[in-house]
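Just need the whole structure built from these sequences, with the hints factored in.
Protein chains: 2
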Amino acid sequence: MRVVVPYAATDPKTRLADALSADERTAFAEAMLADVLAAVRATGREPELLATAPVAADAPVTVDDRPLTEAVNAVLAETDEAVAIVMADLALATPDAFGQLFERDGGVVIAPGRGGGTNALVARHPEFRVDYHGTSFLDHLAAAQEVGAAVEVVDSHRLATDVDERADLAEVLIHGGSEARRASATRAAEPRATRKSLEWLQSAGFSLASDESRVGVVRDE
Amino acid sequence: MRVVVPYAATDPKTRLADALSADERTAFAEAMLADVLAAVRATGREPELLATAPVAADAPVTVDDRPLTEAVNAVLAETDEAVAIVMADLALATPDAFGQLFERDGGVVIAPGRGGGTNALVARHPEFRVDYHGTSFLDHLAAAQEVGAAVEVVDSHRLATDVDERADLAEVLIHGGSEARRASATRAAEPRATRKSLEWLQSAGFSLASDESRVGVVRDE
Chain A
1 MRVVVPYAAT DPKTRLADAL SADERTAFAE AMLADVLAAV RATGREPELL
51 ATAPVAADAP VTVDDRPLTE AVNAVLAETD EAVAIVMADL ALATPDAFGQ
101 LFERDGGVVI APGRGGGTNA LVARHPEFRV DYHGTSFLDH LAAAQEVGAA
151 VEVVDSHRLA TDVDERADLA EVLIHGGSEA RRASATRAAE PRATRKSLEW
201 LQSAGFSLAS DESRVGVVRD E
Chain B
1 MRVVVPYAAT DPKTRLADAL SADERTAFAE AMLADVLAAV RATGREPELL
51 ATAPVAADAP VTVDDRPLTE AVNAVLAETD EAVAIVMADL ALATPDAFGQ
101 LFERDGGVVI APGRGGGTNA LVARHPEFRV DYHGTSFLDH LAAAQEVGAA
151 VEVVDSHRLA TDVDERADLA EVLIHGGSEA RRASATRAAE PRATRKSLEW
201 LQSAGFSLAS DESRVGVVRD E
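From first to last, the protein sequence lines are chains A and B.
Residues in the first sequence are numbered consecutively from 1, following full-length UniProt numbering.
Residues in the second sequence are numbered consecutively from 1, following full-length UniProt numbering.
Nothing false has been slipped in among the hints.
Distance windows between CB atoms, simulated:
(1) B:R41 x A:T10: 45 to 55 Å
(2) B:V55 x A:T10: 53 to 63 Å
(3) A:L208 x B:G148: 24 to 34 Å
Keep in mind the hints are simulated off the structure, nothing from the lab.
Glycine residues also receive a C-beta, built at the ideal position from the N, C-alpha and C atoms.
Set out below in structure tokens:
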């Protein structure tokens, strides 16, 4: 199975502009990408990047400056084997969560994102193509049906959490270290997991803040 | 295992006031509760309600008008067997998702909510107590550690999605019928699943609407 990670190399994460400068958004996007690549590798697979521009990364890079949908469909068209398409901003992804996606049988296996997106999928049916515009999760269900592919849906909060907006940063602060926290609670000798996106946010001064109804983030001045 | 569903019987879902009238919020809360009870029953367990005031429901009802934390801890204190505490607004819950929660080993098993809440948990350790204020997921990890309970975390988008705000309604419209949609795509004879919360939203005129970056809901006038 190929595991392809699309990556917007230029001006990434624009919806985080109210929380991070342009340089910071690039650095944070790179940290999330590193976390995604590490989690894929921990499942025993070698990820590859599909980037909009040349980028230095610890993985093979294909550059395709077309929009996401067209670039991904070019990969699907050229490949006979199963292909996984995994978004680069799944900062909470774990090997277990990716394992559920990669190992589930199905002509098309989808991990929906919050808000109706498609955060990761596996395409085994040769005619299946993607369309990332709009409510792509529902569109992908329909597209799989059209080509006669059996569909499976992966129910994972970690894979449903793409980090696009300021509120999403709280999820990284909450869950980015919880495996380690939980491990320390139950197995004292467990090595502490490191997640680059969490480390980056913490070093940039972000921490959790809560009011009555909702948990958000604050940043040290 | 007891399965206890806390239910705010008076003026529920105040954070949906920008989308629904008071009467509508009550009706929608009842529809979500019915979905939760049905999903629990489909796992072979009999749910019971822990309500803030007398309420007509298709399950045994205990009335306790104290705040959520105190009322739940009273249940934990009086019970020797395992107790599951399941929020009443998990409109996307399925028997599979609840099965993952109920059947996972662990002194404390937690299904976190988006934003750091605790949407469902199973307490098997006799000394564990809840505190739903603030980032309760992290507090519950720490509380389990304090009493020496082994903790497991359930990674489920369905269980992470409590329906509190207008944006959450989109999740119901997207995923409330997707099991049925997927079943119809793959197994033509499958009976169509019904979800009362989805039916209620649709009959109230809600449907999905999307702009470039985010999917929301609109309501027919």
